[in-house]
Amino acid sequence: MPAVQETIEQVRKIDVDQYKYGFETVIEMDKAPKGLSEDTIRFISAKKGEPEWMLEWRLGAYRRWLTLEEPNWARVDYPKIDFQDIYYYAAPKSTPGPTSLDEVDPEILKVYEKLGIPLREQEILAGVEKTVDPDLEEVGDNVYKSGRVAVDAVFDSVSVVTTFKEELAKAGVIFCSISEAIREHPELVKQYLGSVVPTSDNYYATLNSAVFTDGSFVFVPKGVRCPMELSTYFRINEKNTGQFERTLIICEEKAYVSYLEGCTAPQRDENQLHAAVVELVALEDAEIKYSTVQNWYPGDAQGKGGIYNFVTKRGDCRGDRSKISWTQVETGSAITWKYPSCILRGDDSRGEFYSIAVSNGYQQVDSGTKMIHLGKNTSSRIISKGIAAGFSQNTYRGQVSAHRKATNARNFTQCDSLLIGNQCGAHTVPYIEAKNATAQFEHEATTSKISDDQKFYVMQRGIPEEEAIALIVNGFVKEVIQELPMEFAVEAQKLIGISLEGSVG
Amino acid sequence: MNMRAEIQRTPAEAALVDAFGERLSLLPGDGAVMVKRDDAIEQVKAGLPTRRVETWHYTDLRRLLAAVPDFDASAKAKPVAPLLEGSSVLSLANGVSSASADIGGVTFQRLSDKLTDGSYAPALVTYGKDDAIGAINTAFVADGYFVDIEAGAQLDKPIELQNIQAGGQSHVRLPVRVGAGAKATIVERQTGEGAGLVSSVSQLLLGDDAEVLWLIVQDQPETATHLAQFKAELGKNARLTLFVMNAGGKLVRQEIIVKASGEGADFKLRGVNLLAGDSHVDVTMVLDHTVPHTSSTEVVRNVVTGRAKGVFQGRINVHQIAQKTDARMACNTLLLSDDGEFSTKPELEIFADDVACGHGATVTEIDHNHLFYLMARGIDEKSARGLLIRAFLAEVIEELEDETVVDPLEELLSNWFATHG
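Line by line, the protein sequences are chains F and X. Take 1 as the starting number for the first sequence in the working numbering and just add one per residue. Take 1001 as the starting number for the second sequence in the working numbering and just add one per residue.
Simulated from the structure, these hints should not be mistaken for lab results. Quick reminder that beta carbons are idealized off the backbone N, C-alpha and C, glycines included. Be aware that a few hints might be false.
Cut-off 25 Å, straight-line C-alpha distance, at most; resulting in silico cross-link-like pairs (SDA-like, lysine to any residue) [stated by the list, open to error]:
#1 X:Lys1268 x F:Arg75
#2 X:Lys1250 x X:Thr1419
#3 F:Lys370 x X:Val1053
#4 X:Lys1129 x F:Lys370
#5 F:Lys80 x X:Lys1129
Computed footprint of chain F on chain X, listed as stretches where at least three residues anywhere in the stretch have a Cβ under 8 Å from a Cβ of chain F [what the hints assert, rightly or not]:
#6 1269 to 1280
#7 1342 to 1349
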């Protein structure tokens, strides 16, 4: 069937062997001794110049972590991780805390240039890859002014530079690395850090709480609509290091922010661990939009190497009428294990999750979301599209639950999967739990090819087969793509081979 | 968590282990059967499944099975009239068979005989370490009926397999073999009056081109614990319609394990679960499509009232060679009480690329527009609700078409609403 052929071609383009961000840069690094112990944590904390309470917080998490067991319920399979064989801190040796771009190691700047991440403020950022599209600026509605994006660039364990800081500060928005926030805004960090993902949450979140090195901090004060897109670009460069990033985003009453995240890593035979924690807090009437294009090194065609992406992402709709929206395009990582979730605590709050997960080679994806309805009249929407090719396993795992007092909770879930080839697997594991009679939950899942009927219908109208397939397929992923910010949408489409043609559910 | 030392046995676990020691000398079986029993009780000793075991996520058996009653040899089960008129009845009174009926085209044996001579030993298998029902049943099974329907037999009368408990414990097995091209209607009746612990395992082997309608009707009292398993394997072009009605019990787990292992096989599951009071009812299905060109549809409808907790887990596994599989599953629930709960986990595990599989699940209350429509026509709210709930369930029952089957089932439905509506 040509539809399949087409799709295979498209997916091959993003096959693991085609990974183009796999280069490595030699930069003199400052590393913590290998292995994990209280000393390692003290070392990290000291390097960051953290206050005593932060160190205690880390040590508390570490002691807790020692009592935990690695979870094994996800549908992923990997050799046991030796947590003593990892460097927990690796930072480029350069001027400590560069204040301007000129002070940043030119080698690092070259890395970002190579990746297409322009850190020079006059340039326009286009997600993970630079897109020179003059129309973009015109299309961006005036909310984003000129389509400019502020970037926080995290290189291994540290944030090397954050752009547009001054301009954001004028609007009252704080955008900096989390280490800086711990030093400059301890009261905010103290109040919110760990309030969504407590240190005791799960194995990897607890580990992260103990050893996190950097990440972004965003604070949008009451009534402010963040004047530009914020973005963090994560790069793992050093060998045998784990990246433990921690991101905290707070939107006060009636505030709004859109945040993008991109990730890449060099091509190596060893697996590397990336265990991040992202916490979002939305107060009354606030809205947070969080988008991810995840393109960590997925391992080679034989399944050797690649990043283990074990991430805890959770948003707390704390205030009434608040809204949190997760959008993700997952194409990288040897193993992905992440469930961006929403706790719908405030009345009338809303959670959304849009996901495209493409797996190829020997990649394993176990991803999905949790929508926990606690407040009254809360609603959530889940759209997940999984595409499995090669020898990969692609699992959607999601939970929707309504608690006793969550009257009129509403959820709609749609997960579609497509299999390309007969060596891969696609799985759907939804957990639906209702404890309230007024809850209304709907879940749909399908797995199939493009039906001949659909194709016939379109072709009968004089549209050639290839275009017909493209049309149908565009419909398949559009729901997710259109949720991405403009610049990211362009990039995401490129990343997944234009439009995942042939993949209809 | 990682310091899980020696497991402290719960009273129920301890009671099961003790009961095994006491019963052992009374249980039928030769050496081969005894080896199976020993293995099974070891599995029980290792602890009953908790919510950490994925297949028992919503039914924490270790916590929910609070007490295990002693065996009660003196308990007498009251006879029950068959559900379908004219059925040939094979009855088990508190777990004990009695040879009776003479049915053309069908041979049957008391399972206790097949355990004693050891010919049944190979069939005493569990599906893994999560198979608590299989393990409990294997350890204690004392009787049942072994039914063999010969090839080509077209049974004009239904067969009713009755398992009537009167308290204490009863552990039975109902293996049924249906020969090629045979056609039959089989009723599995799970009922009784005591606060008993019942484990029942049905094993159906469906030959090529065979066609069976199997009805499971469970209406245990609100004090009984009912742990049941229905296992089936379908031959080429075999057709199985399984209808399950749960309308009673305190703690109920009905497992349905089906393998569509012959090309052209078709499996249909239709379920109606009526939950009231403090009951906990779990229906868990695992369906394997192991060969190409098989199909299945599952429709399960649930009504939850009172403080009841309902669970439906359905997993469809499509094996790598099972191309052209067509599998559809739907689970719809009316949650009518704020104190009630319903959890569902419909899973798809797909390894073949040319398949059409889907599932849908809904949990809602009664549609207010529907209610308004009826009330605007002068029907009071209570009756209107009743009508809508009945219609929601009747849709599944009426699909069985044969009115000799539909009518008695609808009557059961009415009886349930008369007591719980």
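Checklist entry - Which hints from the list above does the structure break, by number from lowest to highest? => result 1, 4 and 6
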